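S.K.: The primary structure of each chain is shown beneath.
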Amino acid sequence: MIQSAIELKGVTKRFNNIVAVDCVDMEVNHGDYVALLGPNGAGKTTLVEMIEGIQLQDSGHISVVGKTWKDDKDYLRKIMGISLQETRFTDKVTAMETINLFASFYNISKKRANEILERVGLYEKRNSYVVNLSGGQRQKLAIAVALVNSPKILLLDEPTTGLDPTSRREVWGIISELKDNNTTMILTTHYMEEAEYLCERIIIMNNGRFIADGTLDDLQKRFSKGDIVEFTLMNIENTDQRPLINNLDAMISIKWNDELGKGIIVTSDSISTLNHLLKLDRERIIQIKQVTSRKMTLDDLFISMTGRHLDE
Amino acid sequence: MNNPFINLFIIQLRRFYREPEVIFWVIFFPIVMSWILGVAFSGKTVKTATIAVVNGSSQIDLTKLTPSFRILNVTEVKAETMLKRGSISLYIKIEDNSIVYYFDKNNSEAYLAYLTIEKLINSVNTGAANIVNLTGKGSRYIDFLIPGLISLGIMNSCIWGLGWGLVELRIRKLIRRMAATPMKKSHFIASHYLSRLIPTSTEAIILYIFAHFYFNFELSGSLTAFILVFLCGNFAFSGIAVLISSRTDSTHMVNGLINAITIPLVILSGIFFSYQNFPPFVGEIIKYLPLAMLTDSIREVFNQGAGVRDVLINSGVLFGIGLIFSTLGLKIFKWH
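First to last, the protein sequences are chains G and X.
Position in the first sequence (from 1) plus 1 gives the number in this note's numbering.
Position in the second sequence (from 1) plus 180 gives the number in this note's numbering.
Honestly, the hints are just simulated from the structure, not real lab data.
Computed from a predicted model, the values in this text were never measured in an experiment.
Please note that the accuracy of each hint is not assured.
As the list claims (entries may be wrong) - Dumping the calculated BS3-like pairs for lysine-lysine here, alpha-carbon to alpha-carbon at most 25 Å:
id, chain 1, residue 1, chain 2, residue 2
1, G, Lys79, X, Lys467
2, G, Lys71, X, Lys353
3, G, Lys74, X, Lys264
4, X, Lys364, G, Lys68
5, G, Lys111, X, Lys364
6, X, Lys364, G, Lys153
7, X, Lys258, G, Lys74
8, G, Lys93, X, Lys353
9, X, Lys264, X, Lys364
10, G, Lys93, X, Lys511
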């Protein structure tokens with residue numbers, strides 16, 4: 002039997018009275034790219050840091066390539082590449098020197114620094130002090146440091162949080178290029194597009210638990226049966242109209258956003274639902290200001306499961 | 181070759197010499213401090229006290245006072261104001277050919293001025309007083325001060341530099357990032373201890389060179405003894421710094437802790453003035469404080485010609501302090 006790259010069984014972690022990670026089971030195969038998607042405080046970082054051996058679980062079992070932190074910490078440190086949330090490297094040290102320092106911990110020669118700087122597109126900036134790098138460049142440096150030992154297991158905690166869209170795309174490019182190297186990766190993020198773009202498998206996490214797990218297709222087939230129809234009404238204050246819309250054709254569920262007077266309908270057949278909705282408008286039963294129809298996204302899925310947005 | 185220990189050591193050095201303000205604290209500050217204190221207390225300039233005289237145009241010959249005092253003839257109101265402002269500590273008033281002194285008896289400077297004036301006015305010839313001016317090497321105030329400043333520099337550089345530095349690395353989450361690699365923790369700590377020697381020895385050498393050429397300050401004892409006590413002092417204060425910074429990730433906290441430890445040490449340990457001025461039983465306790473032990477030994481080496489044997493006990497105790505504090509600090513050190 003081929004061992005999983007990462008295996009978690011009943012892993013729980015508490016901070017005082019708060020359960021950060023609640024009896025989580027997970028199995029990641031070699032070469033998989035897994036996204037842990039969830040809002041702030043979902044427990045993503047705690048979970049990843051337990052896999053990294055930085056935090057110790059209160060109960061449950063964690064093994065990485067069949068080894069545990071208790072028995073094989075030296076080996077595990079050698080094969081892991083990690084990027085923590087918000088690491089700030091020393092200001093007046095250059096990008097090259099920073100990578101050399103970390104390379105030396107793995108007994109890797111200085112030649113590697115040039116190679117890795119080229120790979121993340123920082124070669125031109127190799128002699129710049131960390132303090133003079135932009136946010137995106139610093140994040141690339143953090144990824145370069147994570148890659149310095151050609152890790153078998155790569156754990157990236159929110160690698161693009163706070164970056165502008167261009168830098169984010171660049172970081173995505175670097176990460177997706179690694180796929181050829183048989184690296185296993187777990188990435189935490191609260192950007193749905195990031196999870197979709199980089200990972201085949203997506204685990205949605207909320208309040209310390211996994212609430213959905215599968216490929217994007219799986220998740221959409223299983224959870225987002227159908228499409229979304231969003232509409233706003235002319236008289237936002239008038240909530241009397243709402244019961245009139247409760248029973249449209251093909252409608253699965255409806256949620257109201259009171260502030261915007263917006264209704265969000267999940268439907269199995271958007272055309273039937275739209276027709277029915279517009280018929281009510283023609284008959285002057287309701288007055289529609291705006292209506293749109295689209296495919297369901299993971300964010301919709303998340304809202305329908307938790308009532309919260311992913312990036313809250 | 182890409183040696184982790186050398187890399188860690190060099191990174192510390194870079195942090196040090198790439199910060200221009202460090203040059204100020206390590207090079208200029210000690211020189212300026214020793215210069216000001218040395219000049220103020222060791223009589224490089226002629227000290228002339230100023231006194232005020234009311235009703236000065238009398239028969240009493242005040243010219244006898246002139247080399248020692250600068251005399252201002254003023255009204256009594258003006259003299260009182262000057263006294264209150266602190267520009268003079270004493271004024272005299274001539275009444276019926278006698279002198280009335282106005283000053284605070286508890287002010288030793290004023291009292292000394294009073295005694296001097298009395299003597300100058302009343303004796304026809306003070307003659308060649310039997311005063312031996314102790315300006316020989318090793319007995320001047322500057323000889324007392326420079327070893328104190330070297331010792332202070334070691335403490336400050338170790339506690340602030342190392343203690344603060346470690347907390348900063350923790351706040352930046354760099355300690356936790358490094359601890360997640362195969363880096364040896366002993367390399368990490370040893371590189372910090374060793375790299376502290378660069379600023380502390382630079383500061384000591386610069387202070388010595390300045391004092392040597394400006395004040396004719398000299399090392400009368402053994403250089404080996406100095407190096408021994410210097411290294412043990414560095415180790416002691418590095419250990420204290422590690423314990424201070426072992427858990428905290430707040431700059432306010434580390435600031436408070438460092439001040440709470442260094443300020444009493446500076447006040448008590450006889451850096452600027454001898455702790456023998458404290459009551460004897462207090463002095464007995466003070467002499468075992470790490471900063472006092474370091475300062476006393478450095479003074480012995482510089483001024484009393486001490487050799488390795490003379491500083492062995494203090495060096496041993498300082499080394500022990502370093503060992504105990506380092507062990508404790510590393511035991512509770514927060515890597516993650």
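S.K.: Would you mind marking each hint as holding or not holding in the structure?
M.R.: For each hint, the structure was consulted:
1. In summary, the hint linking G:Lys79 to X:Lys467 is not supported, as the alpha carbons are separated by about 49 Å, beyond the 25 Å threshold.
2. Proposed proximity of G:Lys71 and X:Lys353 is supported: the alpha carbons are some 23 Å apart, at most 25 Å.
3. Distance hint between G:Lys74 and X:Lys264 is unfulfilled; the C-alpha atoms sit about 73 Å from each other, more than 25 Å.
4. Distance hint between X:Lys364 and G:Lys68 is fulfilled; the C-alpha atoms sit about 21 Å from each other, no more than 25 Å.
5. The suggested pairing of G:Lys111 with X:Lys364 holds, with an alpha-carbon distance near 19 Å, which does not exceed 25 Å.
6. Distance hint between X:Lys364 and G:Lys153 is fulfilled; the C-alpha atoms sit about 21 Å from each other, no more than 25 Å.
7. Of the supplied pair hints, the one linking X:Lys258 and G:Lys74 is violated, its CA atoms being roughly 81 Å apart against a limit of 25 Å.
8. At roughly 16 Å between alpha-carbon atoms, G:Lys93 and X:Lys353 fall within 25 Å of each other, so this suggested pair holds.
9. Between X:Lys264 and X:Lys364 the CA atoms are separated by roughly 64 Å; this puts the pair beyond 25 Å, and the hint is violated.
10. At most 25 Å may separate the alpha-carbon atoms for a hinted pair to count; G:Lys93 and X:Lys511 exceed this at roughly 30 Å.
Figure legend: structure checked against the earlier numbered hints; hints not met, in rising order: 1, 3, 7, 9 and 10.
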